[in-house]
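Q: Just so you know, the protein sequences line up as chains A and B, in that order.
Just so we're aligned, residue 13 is where the first sequence starts under the numbering used here, counting upward by one.
Just so we're aligned, residue 12 is where the second sequence starts under the numbering used here, counting upward by one.
By construction, these hints were calculated from the structure, which means they are not laboratory data.
Just so we're clear, the structure is a prediction, and the values are computed from it rather than from any experiment.
Misleading hints may appear alongside valid ones.
[As the list claims (entries may be wrong)] For lysine-lysine, the following DSBU-like pairs were computed, each having C-alpha atoms within a straight-line distance of at most 35 Å:
#: 1; chain 1: B; residue 1: K20; chain 2: B; residue 2: K68
#: 2; chain 1: B; residue 1: K20; chain 2: A; residue 2: K61
#: 3; chain 1: A; residue 1: K124; chain 2: A; residue 2: K70
#: 4; chain 1: B; residue 1: K68; chain 2: A; residue 2: K81
#: 5; chain 1: A; residue 1: K61; chain 2: A; residue 2: K124
#: 6; chain 1: B; residue 1: K20; chain 2: A; residue 2: K81
#: 7; chain 1: A; residue 1: K81; chain 2: A; residue 2: K70
#: 8; chain 1: A; residue 1: K124; chain 2: B; residue 2: K20
#: 9; chain 1: A; residue 1: K70; chain 2: B; residue 2: K20
#: 10; chain 1: B; residue 1: K68; chain 2: A; residue 2: K61
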Amino acid sequence: AQSVTQLDSQVPVFEEAPVELRCNYSSSVSVYLFWYVQYPNQGLQLLLKYLSGSTLVKGINGFEAEFNKSQTSFHLRKPSVHISDTAEYFCAVSDPSSGTYKYIFGTGTRLKVLA
Amino acid sequence: DSGVTQTPKHLITATGQRVTLRCSPRSGDLSVYWYQQSLDQGLQFLIQYYNGEERAKGNILERFSAQQFPDLHSELNLSSLELGDSALYFCASSADRMNTEAFFGQGTRLTVV
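Start from the sequences, fold in the hints, and give me the full structure.
A: In structure tokens:
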């Protein structure tokens, strides 16, 4: 069964600094990969997704992620963060060959942007 | 606004009771997924419906059930509630069967006292 590992539970970073949030998934079979953001007391909002094609995926709010099949990783990056990026970030994987298309989520990374 | 509506936003109930959570997917979306978010277990998939039919089950307790109606809204029924059922319950909808983009509602926060 698929699983997702987000090694960093919390990442503090100063405003305007770059950030990378790490995500590894368990299987090298064909997968769909997603990053979602959750602001306090809100639902999950899609930042970006990888379905196929180019391994560098650009999303909203200046975020991007790179799909690395050999390392089974899908790390999220932003070159310069803002205070408003403070939120919880979830990586998710879906296995299109499973027939269910459910998302398996990581445990989340809490990004804290410091002034 | 994702277009997915969940009601109620908050629910406080006693142990042993039964509650119903409601989800209205985005207009035209046929797939509905239910997830539970708790501090100890994170975001867990519960159940999926597609055009009125159950398609997949995840870690859903036997005390929980769901259905999707002809107008595509879905309800999650939780019965014989226990303290450990306190969590945020999310509904998500997707336009395509392969769930290439899921839109999440704002969730229902259930507190069992």
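Q: State for each hint whether it applies.
A: Each hint, compared with the structure:
| no. | hint | in the structure |
| --- | --- | --- |
| 1 | B:K20 <-> B:K68 | 24 Å, holds |
| 2 | B:K20 <-> A:K61 | 28 Å, holds |
| 3 | A:K124 <-> A:K70 | 22 Å, holds |
| 4 | B:K68 <-> A:K81 | 28 Å, holds |
| 5 | A:K61 <-> A:K124 | 23 Å, holds |
| 6 | B:K20 <-> A:K81 | 39 Å, violated |
| 7 | A:K81 <-> A:K70 | 17 Å, holds |
| 8 | A:K124 <-> B:K20 | 26 Å, holds |
| 9 | A:K70 <-> B:K20 | 32 Å, holds |
| 10 | B:K68 <-> A:K61 | 24 Å, holds |
When the structure is compared with the earlier hints, a violation turns up for hint 6 alone.
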